[in-house]
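Chemist: Chain by chain, the residues:
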Amino acid sequence: MTTLYTADHEWLRIEGDVATIGVTDYAQSQLGDVVFVELPKVGRSLKKAEAAAVVESVKAASDVYAPISGEVTEANDALSAEPALINSDAAGKAWFFKLRIADKSELGGLMDEAAYQKHIA
Amino acid sequence: MLAREHQPSPPSGLNRTPLHALHLASGGKMVPFAGYDMPVQYGTGVLREHLHTRACAGLFDVSHMGQIALRPKSGKLEDAALALERLVPQDILAVAPGRQRYAQFTSESGGILDDLMVANFGDHLFLVVNAACKAADEAHLRAHLSDVCVIEPLPDRALIALQGPKAESVLTKFCADAPAMRFMDAGPRRVGGIECFVSRSGYTGEDGFEISVPAEAAERLAKQLLDGTDVLPVGLGARDSLRLEAGLCLYGHDIDASTTPVEGALEWSIQKSRRRGGARAGGFGGADLILAQLEQGAPRRRVGLRPEGRAPVREGAPLFADADSSEQIGAVTSGGFGPSLNAPVAMGYLPAPRAAPGGLVFAELRGQRLPLRISPMPFIPNTYKR
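Heads up: the sequence lines are chains A and B, in that order. No gaps in the numbering here: position 55 of the first sequence is 55 in the working numbering, and each next residue is one more. No gaps in the numbering here: position 343 of the second sequence is 343 in the working numbering, and each next residue is one more.
The following label-pair restraints were derived from C-beta to C-beta distances:
#1 B/Asp156 to A/Lys48: 51 to 61 Å
#2 A/Ala121 to B/Gly358: 48 to 58 Å
#3 A/Asp112 to B/Arg369: 41 to 51 Å
#4 B/Pro371 to A/Lys47: 28 to 38 Å
#5 A/Thr3 to B/Ala25: 31 to 41 Å
#6 B/Pro299 to A/Glu71: 46 to 56 Å
#7 B/Gly316 to A/Lys41: 20 to 30 Å
#8 B/Ser326 to A/Glu74: 31 to 41 Å
#9 A/Lys48 to B/Asp324: 24 to 34 Å
#10 B/Arg369 to A/Leu107: 33 to 43 Å
#11 B/Ala55 to A/Thr3: 33 to 43 Å
#12 A/Ala81 to B/Ser326: 31 to 41 Å
#13 B/Pro357 to A/Lys93: 32 to 42 Å
These are computed hints drawn from the structure, not numbers from a lab. Even glycine gets a Cβ: it sits at the ideal position worked out from N, Cα and C.
Using the sequences provided together with the hints, build the complete structure.
Modeler: As structure tokens, then:
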């Protein structure tokens, strides 16, 4: 299992041809208290960089973009029910959705843990 | 991911309030607001700051707002009051010494140029106006009232709001007069030995006080008020969610130069003496239109809106009569999440025939139509000490 990161503060956990996607702890610290999450529907085909989910804090709405292209195979209903999970466990229970990876070559543009830590330093 | 709104820009050229250093020391997350570098939140976050204000007390730096003394050249306060009545549809003559009143500057076309507080300090009037409007307000006052009044901006004063159920007990430690004040009482008081102007009012729907304090004493006073566990510093984020739940207008969003006081559902603030048949009817900007609207109603109205789902519906969202009509009938002017309601909350404008509480309208959000229930305001009951 590999974890990769985007410059926009999303993480991707790669298992076979499925990527589990969430936002980083750094992202949640910038967002503040999350009160609402809108997730993509299962079966939706996402293109890389397309707005895939919405995160709302008390004050502002933010988009979460698809870091790679693929079809949504699962969405985290527990997160819709309890958006504050993003603040308490961004890298774990607060995963957003899973994608069947359309083009593995798109993973080449993503950062590993060390590169991401440098990115937010 | 990127916030759609409110990306902080570097604080170059921004003004700082006398509490700026305290904000930084308290972990304030600073953002530009109305030309000032202001805290949008502190380490505790908007949600807890909001809930703490309603449960205990919050301290807000509102020093960016304009404070102006209006002094009658004749020495007679009623001359200043009557002069100010040229610019606002409120009865200023009836504001007793030691009292204050909510007012609006209106334009010749009846729009709202700013909303403000007017206090009677005995020998002069004391005005508090919005930060973004203060330069224009000062020019407006000079242009229209210089014959009767000396207009004296007070830039060397900070303004601190202490809001919430524990505001009274906290302030009483420094100002023994505090418990004797009623909602909208206002006047000079000594607070912790400092000569201040104190009013029992605020912008949260909670009981509380606003304290105008000389800039050099502001940090000392703020630190004293923050001492202990009752009072948390609260930023602009929670200030907005608190005022939204309280149904209070934000100038430049819910009211502006294109909305009249009647459209803005502020007719409660216009006394009988200034209406048709009153002792001093009219005589303010846009009086013909505003007086007619007071009798016949306005074509559109500001209403409270409760989205039926969990999704916040924010400023700018278009409103429709039903789930599939293509004709936009209004728009949301303020919206977000109400932490005390634990639900989204909004306000916006609708055509008067469609504005009755209980009705349903639809907002368009990310390509979907979401139902919103038209709701009376305030959304949560206020706790003013009348």
